[in-house]
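Asks: In the working numbering, the protein residues as written are 12 to 200.
Since the hints were derived computationally from the structure, they do not count as laboratory data. One or more of the hints may lead you astray.
Claimed, not checked - Derived EDC-like pairs: lysine to aspartate or glutamate, alpha-carbon spacing no greater than 20 Å straight-line: (1) K25 x D74; (2) K135 x E64; (3) K134 x E97; (4) K25 x D53; (5) K189 x D127.
What you are looking at is a predicted structure, and each value in this text was computed from that prediction instead of being measured.
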Amino acid sequence: MSVLITLPDGSERKYDAGVTGFDIASDIGPRLAQAAVAVTVDSAMYDLYRPIESDAAVSIVTDNTEAGRHVMRHSAAHIMAQAVLELFPGSTFAIGPAIEDGFYYDFQVDTPFTPDDLDQIEKKMAEIVAADQSFERGELDIADAIAEFADHPFKVEIIQGVDADEGVDDTAVSTYRKDGFLDLCRGPH
12 MSVLITLPDG SERKYDAGVT GFDIASDIGP RLAQAAVAVT VDSAMYDLYR
62 PIESDAAVSI VTDNTEAGRH VMRHSAAHIM AQAVLELFPG STFAIGPAIE
112 DGFYYDFQVD TPFTPDDLDQ IEKKMAEIVA ADQSFERGEL DIADAIAEFA
162 DHPFKVEIIQ GVDADEGVDD TAVSTYRKDG FLDLCRGPH
């Protein structure tokens, strides 16, 4: 089966169903593929590797746009959470959104972070980025998600509260996995 993709200039291209935003960006040109960080599909933001299964209006989101910077900040928040959980066993995490000029993540830790801890976190984040680990989108049903996040009470609270802003609906949650790190997330990354 094929899908008809309409680009912002009104041109149309036909692809096999399951084509990704990265495939489309690469088909348009290597510089666009290199700058791409996400894709809009009928006005919904997708990560670059999420399959497109039906005809759609598609726009490639690049790193030099406000939407692209938001995606990059969002990814940085997840990388920071991954670093903190690896460096500080027993820590738990809550939410970590991108904000206008950066990002943050809420953590519960045994002792407050010190300047040395922040240096360690920054170095660990650089290692994670250098490892070029990809973000993989997934879904878990509610019961499996609660079991998966059992050691992170803030995440369980979000799941049980059915908070659509964190990728939860009434039957399943969307997640992103990066190496061994898993978080609730609508994406994209």
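Asks: Next step is simple, just say for each hint if it's right about the structure.
Replies: The hints, checked one at a time:
About 26 Å separates the Cα atoms of K25 and D74, which puts this hinted pair outside 20 Å; it is violated. For the proposed pair K135 and E64, the alpha carbon gap of about 37 Å is over 20 Å, so the pair is violated. Restraint check for K134 and E97: satisfied, since their Cα atoms lie roughly 12 Å apart, inside the 20 Å limit. For the hint pairing K25 with D53, the CA-to-CA distance comes to about 16 Å; that is within 20 Å, so the pair holds.
Restraint check for K189 and D127: not satisfied, since their Cα atoms lie roughly 25 Å apart, outside the 20 Å limit.
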